[in-house]
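Quick mapping for you: the protein sequence lines, in order, are chains A and B.
First residue of the first sequence: 1, per this note's numbering; consecutive thereafter.
First residue of the second sequence: 1, per this note's numbering; consecutive thereafter.
It is possible that some hints are incorrect.
Straight-line Cα separation of at most 20 Å, SDA-like style, residue types lysine to any residue; simulated pairs [as the list claims (entries may be wrong)]:
(1) A:K88 / B:Q212
(2) B:K91 / A:D65
(3) B:K91 / A:T60
(4) B:K124 / A:Q107
(5) A:K88 / B:D168
(6) B:K91 / A:S72
(7) A:K88 / B:A108
(8) A:K88 / B:M217
(9) B:K201 / A:Y68
(10) B:K124 / A:G121
(11) A:K88 / B:G166
(12) B:K201 / A:D65
(13) A:K88 / B:P94
(14) A:K88 / B:P165
(15) A:K88 / B:H226
(16) A:K88 / B:E148
(17) B:K91 / A:Y68
(18) A:K88 / B:S167
(19) A:K88 / B:L208
(20) B:K91 / A:M61
(21) A:K88 / B:Q147
(22) B:K91 / B:E106
(23) B:K124 / A:S72
The set of hints was computed from the structure by calculation and includes no laboratory data.
Keep in mind that this is a model prediction, so the values were computed, not measured.
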Amino acid sequence: MFEAQLATKMKALSASDQILAGQINDALQMNKYLHLAGAGGIEIQVKDGVVTLSGHVGMTMNIIDVDYAVHSVLGVVRVENHLVADDKLMMAVARALGNDDRMHHEQMGVNAQRGFIYLTGQASSAAIRLLAAQIAAGLPQVRGIVNRIQAPDVVLDDAEEDLIQPAIDQAVYAADGELGHVHKLIVNPHSRRVSAAVVDTRDVDIPRIASVLLSNTHLPQERQLLIPSDALRCAASGAIFLKLRLKQPVNFINFNPNNFVVPPADWHPPYPYQPGDVLFSRQRV
Amino acid sequence: MKHTTFIKEQPPPNEPLTQPPIRVMVVDDQAVVRSGLNAFLSIYDELALVGEANDGAKAVNLCGQLRPDVILMDLMMPRMNGVEATIAIRKHYPNIQIIALTSFAEAALVTEVLEAGAIGYLLKNVTADELADAIYAAHAGSPTLAQEATQSLMDQMRQGQLNQPGSDLTQREVEVLRLMVAGLNNTAIAEELIISRSTVKFHVSNVLSKLQVPNRMKAISYAIRHRLAPT
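Required output: the full structure, derived from the provided sequences and hints.
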């Protein structure tokens, strides 16, 4: 049935990349199994008929199924499949933990969901708990770490569960008005999670955010603010909402580029970011 | 021009707004285990036990009739074991998710059944809530790995067993490799081991992957050199 549906669609295809991307999207969406298996997390790029797939799916078999479905669409010249499967990823993390001598005798659990790694279990110390996250974050396919490992004197933070990945150029709104758009993201290399967003305010009328600007007497010409991730909320509409108000300007911090560095060239940012999107805090390096 | 699109989450086609219970089938050769799992599942309104089977072959046959969403699959069973049943079910019914539910947490077994297409690996000491969570996750396409299975994979690395390609071959893969070395093709191997050609093909593919070689001849050569498949 799936093939028949694709065959019907193939007859109506045009050559344009945009239409081709839409048809590939349709081909994946029409397959209920792939939909359940995480087709919603797949990014499709098409250039001159060459399709690049990236993102995360649940199982290795999903990658094969997606590949098959995309190849079935008329007009596809070639498929570059960069999809990562959660089942392989969680096994790779488990092996990476086992490969480190310091993890001997530690009781760890690993699960994966759409590229995010959930660490569980019991560590002998807070340092080992952090080390486990760092080891897992060493895998470039990992999108971020949620560290639920218990350790003496460590109280698990509920904020750990909040996974947010703002998109570059995404609009940012304070509770009482527009603030700007996401310019860059600060990522913690030890957890591969976004720790803050650099928000560019230049495209917003000065009067609207005057209170914020006035409070930041050293705001550079770039008019960029640093918003910590715990103040960010991702809305279903695709915009980022802040838990802050423009009328409370004391909450806004200037972005000082001197406090941040460009990641090493051999470090791969977490999906879906590109190397130029991300900075490290100097304190974390 | 480069065009990029993200697939938007939409309800699957023809899906009613109210979700029906997740249809679960239990496969285990021990009646007491099936009965216990039945009791476990009965406390969750979102889960419905639709059938039971006491070996892999019966499970494969029942899939077409019962159409479960998720199967809880024991691994050590007579006639057809859980790994072979998983391969067969995933091939014919790719929309059915399989969770291995076993008493053993050996790393090779974990790897083998996940490579066969299972989405989860749990031990029989699992709590009802953990089992339910794993079923929900499987139905949503997310894998679950028991902590003991994680531990087993970690231990495997510790012991350095993965350092040499081929050290993680399963017993069945060693058998297939031995027959490859003896010069048998896939059809002959299938006849020898009384399994389907597609299952042989699956095992051969795993052997090549684990030996990190590109083709059959190189696998045979590697096996002879490293004495991986004694005749």
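Against the structure, the hints:
The suggested pairing of K88 of chain A with Q212 of chain B holds, with an alpha-carbon distance near 16 Å, which does not exceed 20 Å. Under the criterion of a C-alpha separation no larger than 20 Å, the hint pairing K91 of chain B with D65 of chain A is consistent with the structure, at around 11 Å. Distance check on the hinted pair: K91 of chain B and T60 of chain A sit about 14 Å apart at the alpha-carbon level, within 20 Å; holds. This hinted pair checks out: K124 of chain B and Q107 of chain A have alpha carbons roughly 18 Å apart, not beyond 20 Å.
Only pairs whose Cα atoms come within 20 Å are accepted, and K88 of chain A paired with D168 of chain B is accepted, the gap being roughly 15 Å. About 19 Å separates the Cα atoms of K91 of chain B and S72 of chain A, which keeps this hinted pair within 20 Å; it holds. With a C-alpha separation of about 14 Å, the suggested pair K88 of chain A and A108 of chain B falls inside the 20 Å cut-off, and the hint holds. Distance restraint check for K88 of chain A and M217 of chain B: the Cα-Cα separation of roughly 27 Å exceeds the 20 Å cut-off, and the hinted pair is therefore not satisfied.
This hinted pair checks out: K201 of chain B and Y68 of chain A have alpha carbons roughly 18 Å apart, not beyond 20 Å. For the suggested pair K124 of chain B and G121 of chain A, the alpha carbons sit about 18 Å apart, so the restraint of at most 20 Å is met. For a cut-off of 20 Å, the pair hint linking K88 of chain A to G166 of chain B stands: about 18 Å separates their Cα positions. With a CA separation close to 18 Å, the supplied pair K201 of chain B and D65 of chain A stays within the 20 Å bound.
Using a Cα cut-off of 20 Å, the hinted pair K88 of chain A and P94 of chain B holds, with the two alpha carbons roughly 18 Å apart. In summary, the hint linking K88 of chain A to P165 of chain B is supported, as the alpha carbons are separated by about 17 Å, within the 20 Å threshold. Simply put, K88 of chain A and H226 of chain B have alpha-carbon atoms about 27 Å apart, too far for the 20 Å limit, and the pair is violated. A distance of roughly 17 Å separates the Cα atoms of K88 of chain A and E148 of chain B; the hinted pair therefore holds under the 20 Å criterion.
With a CA separation close to 14 Å, the supplied pair K91 of chain B and Y68 of chain A stays within the 20 Å bound. A hinted pair counts as satisfied when its Cα atoms are at most 20 Å apart, and K88 of chain A with S167 of chain B qualifies at roughly 18 Å. Using a Cα cut-off of 20 Å, the hinted pair K88 of chain A and L208 of chain B holds, with the two alpha carbons roughly 17 Å apart. Only pairs whose Cα atoms come within 20 Å are accepted, and K91 of chain B paired with M61 of chain A is accepted, the gap being roughly 10 Å.
A hinted pair counts as satisfied when its Cα atoms are at most 20 Å apart, and K88 of chain A with Q147 of chain B qualifies at roughly 16 Å. This hinted pair does not check out: K91 of chain B and E106 of chain B have alpha carbons roughly 25 Å apart, beyond 20 Å. Our distance criterion of 20 Å between C-alpha atoms is broken by K124 of chain B and S72 of chain A, whose separation comes to about 41 Å.
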